[in-house]
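> Note that the protein sequences, when read in sequence, are chains A and B.
Per our numbering, residue 1 is the first one in the first sequence, and the count goes up by one each step.
Per our numbering, residue 1 is the first one in the second sequence, and the count goes up by one each step.
Everything labelled a hint here was simulated from the structure, so no lab data went into it.
Since the structure is predicted, the reported quantities are computational estimates derived from the model, not experimental observations.
Among the hints, a few may not be true.
Partner residues aside, some chain B positions facing chain A, computed with beta carbon under 7 Å [unchecked claim]:
1. R59
2. I60
3. E62
4. V71
5. L270
Ideal placement from N, C-alpha and C gives every residue a C-beta, glycine not left out.
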Amino acid sequence: MKQSIFEIIENTEIALNVFKMSLNGDTADIRAGQFVNIKLEGLYLRRPISVCNVENDILTIIYKVVGNGTDKMKAMTAGQKLDILTGLGNGYDLSLSGENPVLLGGGVGVPPMYMLAKELIAQGKRVTAILGFNKKEEVFFEEEFKALGAETIVTTADGSYGVKGFVTDALKNIDYTYFYTCGPEPMLRAIYKATDTNGQFSFERRMGCGFGACMGCSCKTITGNKRICKEGPVIKKEDIIWED
Amino acid sequence: MGRLSVNLCGIELDNPIIPASGTFGFGYEFNEYYDINKLGTFSFKGTTKEPRFGNPTPRIAETPSGMLNAVGLQNPGVEKVISEELPKLKECFHKPVMANISGFSIDEYTYVCEKLDKEEQVGWLEVNISCPNVHGGGMSFGTDYKCAAEVTKAVKAVTTKPVIMKLSPNVTDIVSIAKACEDAGADAISLINTVMSMRIDLRTKKPLLKNVTGGLSGPAVFPLAVRMVYQVAKAVNVPVIGLGGVSSAEDVIELMLAGATAVEVGAANLVEPYACMNIIDSLPEVMDKYGINNLTDIIGGAL
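So here's chain B without its partners, still in its complex pose (with noise of 0.2 Å):
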């Protein structure tokens, strides 16, 4: 065990640093940059039961630090995530990754989750319902603590493996969603997802996204990210994983004083591609300034 590892529902981890869903694709693809078994692991590309292309473009837009992203679930179907992707990784990495399940109604997430959870290279399920337009009276799982509660049972029903339930800040109480998802038997909490936002083209008139509406990113959630993590941390009793705006050593850092036990990094993989190895690298000289010795030993420090 070095300085960097954490445990992750009773999988270790080299460092707790795991490229976020949607920024890091099946991984294989960043492998020709560097080696990518050198992160804690990755969450891949949100995987939904059918393909899908996605929204119309533009589905991004820049923010004052950070951007607005409304792709919309673009990715292949699980049967393809599973024939053509998974194959592809597994030849380059060599550490239980995170499966990212998306759906529209309970039945897709079942459907999603009890085919990934007969890919041995799955570690752990990582479930986003934060997805807006799902069935249900028009209202996102992920907002909704009983519908939140719906799912987490559902998917538990039919898996082994550690279920992560992926939590929208785009609600006024986050924590009685986050004890609602542990009290239905999830294993742990990532959270923030994306920040519900908009932008307008003063030259056209119009929306910059032709969704209209798009999930903000980047360093301008971080604060965010940080008052959220804390307060889920401070309820429940199942590990949480932090993301939202990190960029550096000491983000992560925060985060973790904060109560994550592990780290997603979405966004800031986008503008620097190298941006977990360089975090990685950073991470033991932030801890020697911060007189920290092992990560661990910082997970809710600040609770």
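Pulled out of the complex, with its shape left as it was, chain A reads as follows (with noise of 0.2 Å):
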């Protein structure tokens, strides 16, 4: 964990409700798969975002607004400042990939997929990304996916826009050695149960702290209890106990 000053440099609505957030900063250490966690004015908690990418000094976060606190971020301008806790929990392990992996994200689970196949691709990795959305005024990075160079499928649950349905639906159709994913938990659900090889999967919990202190964000594990904030937000699908 690393608390510095950021400082805006963009944030711009990239689909409907989601934006694109660009910091300049201090972004050593930070891996594919781990969030940070923004102090805003006014309210008490920080919010933790996930990482869609790091370059050179730049971070980048998309973040879709759902509440007061993505409300208030909407709303900033290039050249304010943000302090944030960076390098927060465990990030994907790319050693498990394999030569042909799967990456799946779903709506705001799109976004640390981007950072994993930029680095899984930089490794040689065949990378297909199916990104899930619920229509096409949400569709985002479809563009940038494909640039890295990764097969990239786009779903959406209306069907307005590229393969009609979820990403499980397009799971089907594709050859994979092993998986990483990050969505909605019913989405998480669904690949859990439509897949038998391996993967990880990317959890989102209500956080207090953010870096392992309140214990606020607990989950069950086969191998014991685990903090998603420090110990996840990655876990294992073998080490996976769903609750009701």
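Each of the two chains sits in its own frame; use the hints to bring them together as a complex.
Below, the structure written as structure tokens:
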């Protein structure tokens, strides 16, 4: 964990209610699958947001406006400064990917797949990305994944763009050695049931601190209790215990 | 003795700053961020006889100027605390630590206290009697003065270390409970634990916490802490440890004026990992500003 001040470079709407924010600051040691925790004026708890990408000193995050915190964030402009904790969570384990991993992102679960795809492709892996959305207006980052060199499939639940259905519908038709995923929990559960291949899931929870102190985000796993913010958010398929 | 030092039940603290139980794990995790030996001491994660996962999630919610938690005493159980957590702490922390203890019956309290009494590094036992759902007619130990006294007496019988009774603010007469603990042999009183509260999600129209209710902490409860510390400090002769929403050196001084000998910092650690360090570093300057030479001089200054 590192606490530092970042300066906003850009903050733009890239899809319906979805914003991309780029920030300049100390990005050392940020790994794919980790998150940052942002202090916002007037709100007590920090806001945990997944890392979309790091390029030199530039951190990119993508967030959907869903509540008080993200509502404040969307109004921010270039030049504003933010107090951010970085390097939080375990991140994805890239060593298990095999030669042809598939990455499945759902909604704002898509962003963490971007840095992961970039790093896997840099290692010479043949990456397939399945990006799931509800409808056409919510689709983002298709071109960005293609530009990395990932085989990119977009699904929409209402069929208004790409493959009609869920990411699991697209998953049926491809071959892969391993999977990585992030998205809403119903999607994660569907993927868990849909495949016999091993993989890693990234979970979301309401957090207090985001760095392991409060035990607010604990979950039970096969290998004992884990804090989503510290021993997670990425949990291997074989460790997962689904709670009701 | 420095300007910041205070004496808590016969043990000298370099400064009065104590991270509160439940916001600081078993300490060694925070040693990655700063040298925890700079603290007065800290109160470790509430420990029970059996291992506990705690309540289902979500068990954290935000409030104006604070937060709710319904973690429910997640901890590995006293045996593992002794065999796994305390050895890790010993490697990086070279001061007496405050052991925080919870239970669901008097037997559990005494069982855990007896075990932790034998641990050399434990300087004080802080006994949390503000935990709901304990046996005794569904009434929590900390909201009935007879039960509070009963736990105090039972714990005192199994330890020679100073016993600090940690009180709940969810009562109509805090003074009678504090006095009952003092009369039963408590060496100090700490207060306040969190304030029972709840929030409802307008979208789902259901409580935000799976547990329905949770404990409110953060700056929202600070004035309540000042009032209760003041009332208790006026009524008892044992030291009082003040806590509840403390976030700054000014807050520390205010609670000490209200009668606190030492001050615990809770929720602030969760939003500002360096909160305790920042408070300790800024204390001398704030003391200068208000013409305070030594912190011991101001304890109970407003009484």
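> Confirm or reject each hint.
Verification of the hints:
no., hint, in the structure
1, R59, "holds (6 Å)"
2, I60, "holds (4 Å)"
3, E62, "holds (5 Å)"
4, V71, "holds (5 Å)"
5, L270, "holds (4 Å)"
Hint compliance for this structure: every hint is met.
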